[in-house]
Structure formats: C-alpha cells, structure tokens
Amino acid sequence: MGAVMWIEVLSRHGEVAARERIDAPEARVGRAFDNDVVIDDPHVAPHHLRIFRAEDGELVAEDLGSVNGLFPEHGAARVERLPLAREPGIRIGRTILRVHDSAHPVAAEKPLTPPRAHAAWAAGLGLAVIAILFGIEWLGITSERSANVLLLPLLGFAAFVVVWSGLWALLSRLFFGQARFALQLRIALTVCLAFLLWDQAGEWLSYGLAWPQLDDYSTYGVWALIAAACYGHLVSIGPRHMRIAMGVIVALLAAGAAMQYTGRAEARRVAGEPATLGELKPPQFRLRPAVSVDRFLADTDAAKRAVDESRRKEPAPGLFPEAESPD
Numbered sequence: 001m002g003a004v005m006w007i008e009v010l011s012r013h014g015e016v017a018a019r020e021r022i023d024a025p026e027a028r029v030g031r032a033f034d035n036d037v038v039i040d041d042p043h044v045a046p047h048h049l050r051i052f053r054a055e056d057g058e059l060v061a062e063d064l065g066s067v068n069g070l071f072p073e074h075g076a077a078r079v080e081r082l083p084l085a086r087e088p089g090i091r092i093g094r095t096i097l098r099v100h101d102s103a104h105p106v107a108a109e110k111p112l113t114p115p116r117a118h119a120a121w122a123a124g125l126g127l128a129v130i131a132i133l134f135g136i137e138w139l140g141i142t143s144e145r146s147a148n149v150l151l152l153p154l155l156g157f158a159a160f161v162v163v164w165s166g167l168w169a170l171l172s173r174l175f176f177g178q179a180r181f182a183l184q185l186r187i188a189l190t191v192c193l194a195f196l197l198w199d200q201a202g203e204w205l206s207y208g209l210a211w212p213q214l215d216d217y218s219t220y221g222v223w224a225l226i227a228a229a230c231y232g233h234l235v236s237i238g239p240r241h242m243r244i245a246m247g248v249i250v251a252l253l254a255a256g257a258a259m260q261y262t263g264r265a266e267a268r269r270v271a272g273e274p275a276t277l278g279e280l281k282p283p284q285f286r287l288r289p290a291v292s293v294d295r296f297l298a299d300t301d302a303a304k305r306a307v308d309e310s311r312r313k314e315p316a317p318g319l320f321p322e323a324e325s326p327d
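To convert, note that position 80 of the sequence shown is 80 in this note's numbering; the numbers rise steadily by one, no gaps.
It should be emphasised that the hints constitute simulated quantities derived from the structure, not laboratory data. Note that CB positions come from ideal geometry on N, CA and C, so glycine has one too. Hints are not guaranteed to be accurate.
Straight-line C-alpha distance at most 20 Å; calculated EDC-like pairs for lysine to aspartate or glutamate [what the hints assert, rightly or not]:
1. K313 <-> D301
2. K304 <-> D294
3. K110 <-> E15
4. K304 <-> E314
Quick list of simulated restraints, FRET-style, between CB atoms [what the hints assert, rightly or not]:
5. A108 <-> V162: 33 to 41 Å
6. L197 <-> A119: 19 to 27 Å
7. V248 <-> P289: 44 to 52 Å
8. S11 <-> V67: 20 to 28 Å
9. L193 <-> G14: 30 to 38 Å
10. S102 <-> S11: 17 to 25 Å
11. P289 <-> A258: 18 to 26 Å
12. E109 <-> R286: 51 to 59 Å
13. S102 <-> V162: 41 to 49 Å
14. R269 <-> T113: 47 to 55 Å
Given only the sequences and the hints, what does the whole structure look like? Please build it.
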C-alpha cells in the first residue's frame, strides 16, 4: 500500500473531475493515450511530465521537456522538478492536478443539514424579521393607520430578500450544481435580522445618550453586514477563487462606505452638524440626564448670538452663484 498514489484532475471550478489510482512507483501524464493519466488539454504535451518517488519516498513531479512547462498550482515560476509533500498541486497547460499519497490525511466529514432544516430556519427567521419590521412601522406611523402603510414596506422587503436569495441560488446552481435556495434564504434572513437589531440599537442608544452622531455613524456597520452576507453566500457556494472574489466584494463595499463618508462630510461642511435626532423615543429611555433650565437658556442665547453674527457676515463668494448674477 505504500506505493499507491492518487492523481486528481480538477475542473475549472476547483472540484475533482477525475481521480486515478496509481499502484506503480511512477506515473506518466500527458495527452497521449499511452500515459497513466490522459489529460484532454491542447496546452498539455503528449508526454508532459512524470510523477515518481524519490529515494526518501517523497512524491516528485518532473517536466519531460514540454513547451508550456510545469508550475506549482499557486506559483508563477516554471520549474523542472516539484516536490509534492507540502504542496500537492500541479499546473500544466490550463489543467490543475493534485497528487496524494495513500497515507494523505483527509478532513472529517461535515455534518449534513437537510434542506427541510434550512427551510425551517428560514421560516423562523422570516417570521422574526417580519414581526420586528411590523413593530417598527407601527411605532413610526404618525398619520392615520392603514393596511397599505403597514403592508407595503413588508411586501417590498419580502420581494428584495427573495430576489437576492434567488440570485445567489442561481450562482450556487452554476458553480456547485445545486441551487440550495433554502440555505441562501436562511443566510439572507440572518443578515437582515442582524441589520434590524444593529439599526435599532443605534437609534435607541443615540436617543438615550443624546448623541446624534452615533446613529449617523452606525450606518457604516451596514457595509460590514453586507460583506458578511456575501461571505456566507460564497462559503455556501465554495468557488475555487473565493479569496479573490471576497477581496473584490470587500473592495467594492469599502469604496461604497468611503463614498458615503465623503458625501456626509460634504453635507456637514455646507449645512453643519444636525442639531436633532431623526426619530424621537419615549422619554423613559433617556440614559443621559436632561440639562437644567439655566443651561438650556444659556445654550439658546449662545446659539442666537452665533446666528446673529453669521447674518452680519458677507456670504462666501461662489457659494450661491445664482444669487450673484445681475439678473
């Protein structure tokens, strides 16, 4: 059994497309049909390489003088010989091979979650999210309550989650071979629940601490939640270049957060800091004690003096060009 080796041919998605058992101490790989492993790749030579055991028993890949050469799976430098003990991956032409000894350890089996379990989790998460959204909409209504006002946001949210999960299920079908819609829906609803809790925590804490900037800056956490959602979907799909895909997603999300920060900074430069919170809450939830009447009146007088002083100043040139025109 010590002489047995396994040569795996990977598909373009990184999955094992074929696995060949080699009982001899040496194996030949190429396009010709007299090889031990035949590769259907026009960039692979008829006799491209041989895989053999060195004197110490380690598996080694050796180029047989091919035009396109031999490369490590994740390397860019061409090599004549490649030891396979630490890095079993080989790249020849556009084909990836992996060579394992019979004693190569394998990971333990992953627990199998039936699709019904994902569907049950998704149903429970969906009910929790809808209940929270219904409560938020109910408390936020200041006009006459109606079914349209309460149900339209819920229907819009449901449509968005279904479309988002459907797109990821389509990608899973293309790369993994199975749509696994219930799993994608569970991931999306988990992130939606985290978003609602994060958003409400920011609103209530900003109100309780009388700190409007807390609610303002808490929106940047939404970008982190979006990145977490994309990561969860990518892990469920398992693409071969997940690091690259996740790096692109994180870069796009970072660019979106930077654009949001720049836009808000420009708005503050023009209009100043917001003086009030976006939404009021019951006074019992105030954590910061109210200021005294004297302090409130003093702050009001200071604000009035600042406004009066600003009125006496000439406006900055170019701020309102339409007002400077002779017409």
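Each hint, compared with the structure:
Note on K313 and D301: the hinted pairing holds, with a Cα-Cα distance of about 19 Å set against a maximum of 20 Å. Pair hint K304 plus D294 holds up; C-alpha atoms about 15 Å apart against a cutoff of 20 Å. A threshold of 20 Å between alpha carbons decides the hint, and for K110 with E15 the separation of about 17 Å falls inside it, so the pair holds. At roughly 18 Å between alpha-carbon atoms, K304 and E314 fall within 20 Å of each other, so this suggested pair holds.
Between A108 and V162 the Cβ separation comes to about 35 Å, which falls inside the hinted range of 33 to 41 Å. For L197 and A119, the Cβ-Cβ distance of about 23 Å falls inside the hinted range of 19 to 27 Å, so the restraint holds. Between V248 and P289 the beta carbon distance is about 48 Å. The supplied range of 44 to 52 Å therefore holds. One distance hint, 20 to 28 Å for the beta-carbon pair S11 and V67, holds here, with the actual separation near 24 Å.
At about 32 Å, the CB distance of L193 to G14 agrees with the hint of 30 to 38 Å. As the Cβ distance of S102 to S11 is approximately 23 Å, the hint placing it in 17 to 25 Å holds. At about 37 Å, the CB distance of P289 to A258 disagrees with the hint of 18 to 26 Å. Look at E109 against R286: about 54 Å separates their beta carbons, and that is inside 51 to 59 Å.
A beta carbon spacing of about 48 Å between S102 and V162 agrees with the range 41 to 49 Å that was offered as a hint. For the hinted restraint 47 to 55 Å between R269 and T113, the CB-CB distance of approximately 51 Å keeps it satisfied.
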